[in-house]
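**Student:** Per our numbering, the very first residue in the sequence shown carries number 54; after that it's consecutive.
There may be inaccurate statements among the hints.
What the hints assert, rightly or not - Here are the simulated DMTMM-like cross-link-like pairs (lysine to aspartate or glutamate), alpha carbons at most 20 angstroms apart as the crow flies:
hint, residue 1, residue 2
1, LYS139, GLU516
2, LYS262, ASP341
3, LYS208, GLU515
4, LYS488, GLU516
5, LYS452, ASP404
6, LYS262, ASP278
7, LYS100, GLU114
8, LYS452, ASP485
9, LYS289, GLU331
10, LYS488, GLU513
11, LYS452, GLU371
12, LYS452, ASP437
13, LYS289, ASP341
What the hints assert, rightly or not - Just the calculated beta-carbon pair ranges, DEER-fashion:
hint, residue 1, residue 2, range
14, SER231, LEU133, 45 to 51 angstroms
15, THR268, GLU301, 21 to 27 angstroms
16, ARG149, PRO402, 25 to 31 angstroms
It is worth saying that the hints were derived from the structure and are not from the lab. The beta carbon of each residue, even a glycine, is placed where N, CA and C say it ideally should be.
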Amino acid sequence: MFTKKTVTALLLMSLGTAANAFTPSSSSRTTFSRLYATVEDEKTTTKKANVVKPPPTVSGEDAPRMFEDNVYKTYGRYPLTLISGKGCTVTSSENRTYLDFVSGIATCALGHANEELSKAVSDQMNKVHHVSNLYYTPNQAQLASWLCENSVADKAFFCNSGAEANEGAIKLARKHGSNRGLTDPVIITAINSFHGRTLAAISATGQPKYHKGFTYGGEMVPGFDYIPYNDVEALKAKFEELNETPEELKAQGRTRGVAAIMLEALQGEGGIVPGTKEFFSTARSLCDSTGALLMCDEVQVGMGRSGTLWGYENLDVEPDVFTSAKALGGGVPIGAMMARGEAATTLGPGDHASTYGGNPLACSAAVAVATYISEHNLLQNVIDRGDQLSAGLAAIASKYPSVLGDVRGWGLLKGVVVKEDAGCTAGELVGDAMKEGLLLVPAGTAVVRFVPPLIVSEGEIEEALDMFEKAVANRAGGGDA
């Protein structure tokens, strides 16, 4: 590449040669001067940076309009702008307080503005909030140790979300299957499951509505097959089928087999449907028979929400791999994939990574949540308040049978069915409850989901039940009796 000096010299030579052939006119001298000046000016000219505008000031009233103008419309939002929160309540831009039984969709386990969590994050920000995984950090070591000591896991891998944790589990299953000689490893998942929004995780999700528009040649990421949740015979049949290699694959020197069975301990987005012990025991036995992995998605049900620390503990099985996120950081983004036995050594350096995974800030939040769960006997509160919530919802359902059906779930992850002929969807009933001052969230079109912070009190459960009953009564026209 020519330097500025070289360009200047070439110009001089060029013009000098031309001068030997003829006597330069005044216009030639002027042209030369301009060219020379242009090159020389580049030496001293300082490039000015573009002006970057600061973020605008936003009021609560401005937020919806600014969302409309600037935020990608991938969410359906209720007409409510939230400004602050404390404990199990949040406050809107109109200064109205709501009882929050959404908790960021099973995420804010310690509620809002928890002192211990806030202090842990603030203190860590004043130390070091992020470094690369090229180095050791105490917080990540502390969190991994707690997770392994309080589960079946031998090792933990950290990332940023539930979808990422499940992506890690999918990669692990494929690598483990490859080590077993499978060229075509298949992961069995359940119909109505939900494993995240990334491409492989949504391919694992057994709900075609989430696949629409994201296929290639009509297919999602290959290597997944689906069976009805809690259907033991369907699981057995599918497992046997997929462990047989079709002749066309054999002819190509390929081997098909089940790499893993990946299940939610309780289906959340699928309608708050707990797994059965028989179904999970069968899955465990099938995996043991071939060396496949049993993987549990604990993103929503884990970290104490079921009344046990992990959902699989309700099912009397030990998975080879399980994933966590949501409540793990109490609202600070963090995800984790845990593994035991052979699965804990399947991935090596370079096989998987995450820039932000396990950073000191996120891990400090997760350690604060873990400490609070441990020191405040929070699991007992989940059990007690969960029983109270179930009894209250069952009483309301009994009083208004034209609107509500079964109550189901574990701990503080509960759902109540909205009947087909209720005259409203679950989403509409959630909107009605919001008018009463209670925030809830649908689980599909026919189930209203209750996922309050794990610190919720007896009085707050009663208050929520009163609000919900008013919303149901309005839909039922005052009652069925």
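**Student:** If a hint holds in the structure, say so; if it doesn't, say that too.
**Tutor:** Here's how the hints hold up against the structure:
no., hint, in the structure
1, LYS139 to GLU516, "holds, 16 angstroms"
2, LYS262 to ASP341, "violated, 33 angstroms"
3, LYS208 to GLU515, "violated, 41 angstroms"
4, LYS488 to GLU516, "holds, 14 angstroms"
5, LYS452 to ASP404, "violated, 56 angstroms"
6, LYS262 to ASP278, "holds, 16 angstroms"
7, LYS100 to GLU114, "violated, 40 angstroms"
8, LYS452 to ASP485, "holds, 18 angstroms"
9, LYS289 to GLU331, "holds, 12 angstroms"
10, LYS488 to GLU513, "holds, 17 angstroms"
11, LYS452 to GLU371, "violated, 40 angstroms"
12, LYS452 to ASP437, "violated, 23 angstroms"
13, LYS289 to ASP341, "holds, 13 angstroms"
14, SER231 to LEU133: 45 to 51 angstroms, "holds, 48 angstroms"
15, THR268 to GLU301: 21 to 27 angstroms, "holds, 22 angstroms"
16, ARG149 to PRO402: 25 to 31 angstroms, "violated, 52 angstroms"
Hints 2, 3, 5, 7, 11, 12 and 16 from the list above are not met by this structure, while the remaining hints are.
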